[in-house]
Structure formats: C-alpha cells, structure tokens
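Every number in my numbering is 763 more than the matching position in the sequence shown, counting from 1.
Think of the hints as simulated: they come from the structure by calculation, not from any bench.
Just so it is clear, CB atoms sit at the ideal spot from N, CA and C, and this is done for glycine as well.
Not one of these hints is a red herring.
Okay, the calculated beta carbon distance ranges per label pair:
{"hint": "1", "residue 1": "Q788", "residue 2": "D899", "range": "36 to 42 angstroms"}
{"hint": "2", "residue 1": "D969", "residue 2": "Q948", "range": "39 to 45 angstroms"}
{"hint": "3", "residue 1": "R1047", "residue 2": "Q785", "range": "44 to 50 angstroms"}
{"hint": "4", "residue 1": "Q788", "residue 2": "V916", "range": "42 to 48 angstroms"}
{"hint": "5", "residue 1": "D1003", "residue 2": "Q785", "range": "48 to 54 angstroms"}
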Amino acid sequence: MEHPLDIDASLVRRLIAEQFPQWSQFTVRPVEVGGWDNRTFHLGEGMSVRLPSAERYADKVKKETQWLPVLRDHLPLPIPQPIAVGSPGCGYPWPWSIYRWIEGRDASVGHIENLEDFARDLAAFLLKLQNIPAGDGPAGGKHNFYRGASLSVYDAEARAAIDSLREKIDVKEATDVWNRSVRSQWNRQQIWIHGDVSASNLLVHDGKLAAVIDFGGMGVGDPACDLTIAWTLFASGSRDQFRAGMGLDKQTWERARGWALWKAAITLAELEDTTTDKAAKAFRVIEAVLAEHDRSNGL
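Hey, can you work out the whole structure from these sequences and the hints?
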C-alpha cells in the first residue's frame, strides 16, 4: 500500500526555487479544490503546479505534456496548457508539471445557467475531441485505469459490489444492466476520449461551459466511459439533449450505463456509512441507470 506524501505549499516552493528559479518570486498557495490524483497549487496569478499524489498517477505527466498540445488546437474550448515539466527533487519522487491557469468554477448545478444548453455544449466539445485523428494515441489501459478499453476488466469487481448491495438496490436489474454492458463491444475505429468527464473537470464561467480540464485519463478507444455524466450531472431533459448531441448507438449507451453502474456500486460498497452525501449521489446514479434501463429495455 502506498503511503501518502506530505505535498504542501512548502514543498512546491522548494521545487520551484530549485528547478525554476525564474518563478520563485511568485506566491504559492493551494487551489480551493485540489483534486485526488494530483495536488494542485496556484503559482502566482497565471500558473498552476500539479504534483501526482501517488506513483500510479505519475505516468500521466508525460502523457499530458505530450498530447495536450496536439489536442488543443482542434478543440472549441480551452484545455490545460502545460508550460514546464519538473523532475523529482526535494524529497518528492516523481515528475510534476506547471500549467497555465484557467479561470472557472466547477460544474455543479448551482453554477450552470441552463442545464440543457450546457449538455449540448458538452456534447459538441466531446464530438470535436472524438473527431481528432487518433493516430498513435495511447490505447486505454493501466495508465488511465482502462478508460476506453473493455469493461470486462472490472467484471469481477462490479459483480461483487452489486452483490454486496443486495439489501439496498435491485440486484437482478443491476446485474442485467451489467451483463448487457460487458457483452457489448466497440467495433468501430479508436477515437479520442477524455476519460474522466465529471462535474469537477468541467469549468463554468457566467453560467456556461468554459473549459475542460484534467486529461489524465485521456486515451483512444471506446467513448462509452465519457458518457457517464448523463447520470452523474444531467437529468431528464438535459440528459436527452446530451444523448441527442452525442449521436451514439444503442450499444455504446449500454456500455455507458455499465460504466456508471460500476463506479456508483463500488463507491457504495466501500462506504461504511451509506447516509452521507457521497452515498446519496451514488444511490441516485444507480436509481437513474436502472430506471432508464427498465423503461427502455436496453435503449
């Protein structure tokens, strides 16, 4: 088991002073929401510093600095712009990176002016991403926790989580959703995926989608994993708008429901207290996925 590192502003100041002294006069302070895979800090007013929080996230530094510049010019909204890569030092063992700062608030419902417009804008962004030539982009695998790859890699984990929730959810229905998702495969060409399309990685300005951040899960493969926000953020009308904007087939949405179910189920299975806000959100996702599956009989 990995032991957490003490990643704080003091460490960042020392790293900057040692490796990028031209920026050592800038103030370093934690961002309001620092993330899990990386610890993020403001560097002055126009830059941010991101340090992987564990070894399993460290390979993403190279991937992001290689591929984000390739994707950036093809997309209609800002994405992270790496400007420097740091080396291990000052007791910190992995590479780290410096980015241009992007202003915006997370995409919680209270920050969004019109959720249906937001859904259409996000679909338009993802379609642009999918249409960028995939070339030799990284296939889904260990580097991005198999986003874009087959859901079957999580088959045993998902079934165990669903079974552990048999007193709390409709296990028969959930198992049917899961069975459909793992039977389905993406048989078209590999396309670019973000890998973690969540409210915390979508930035809002003046109530509208303004930027998409945190591409650590990026890769090429099956886009189904990028659709889970249909249940984690959208509902009814906005979900319909997102679905229509994406224009993907029935089987891809079956796999998307599998991704959403897997994540919500393992989240609940790991929680000792299922009365928390985190648990309530997972229950809502499962309820929405099962309700849609029941209505559509595998839309």
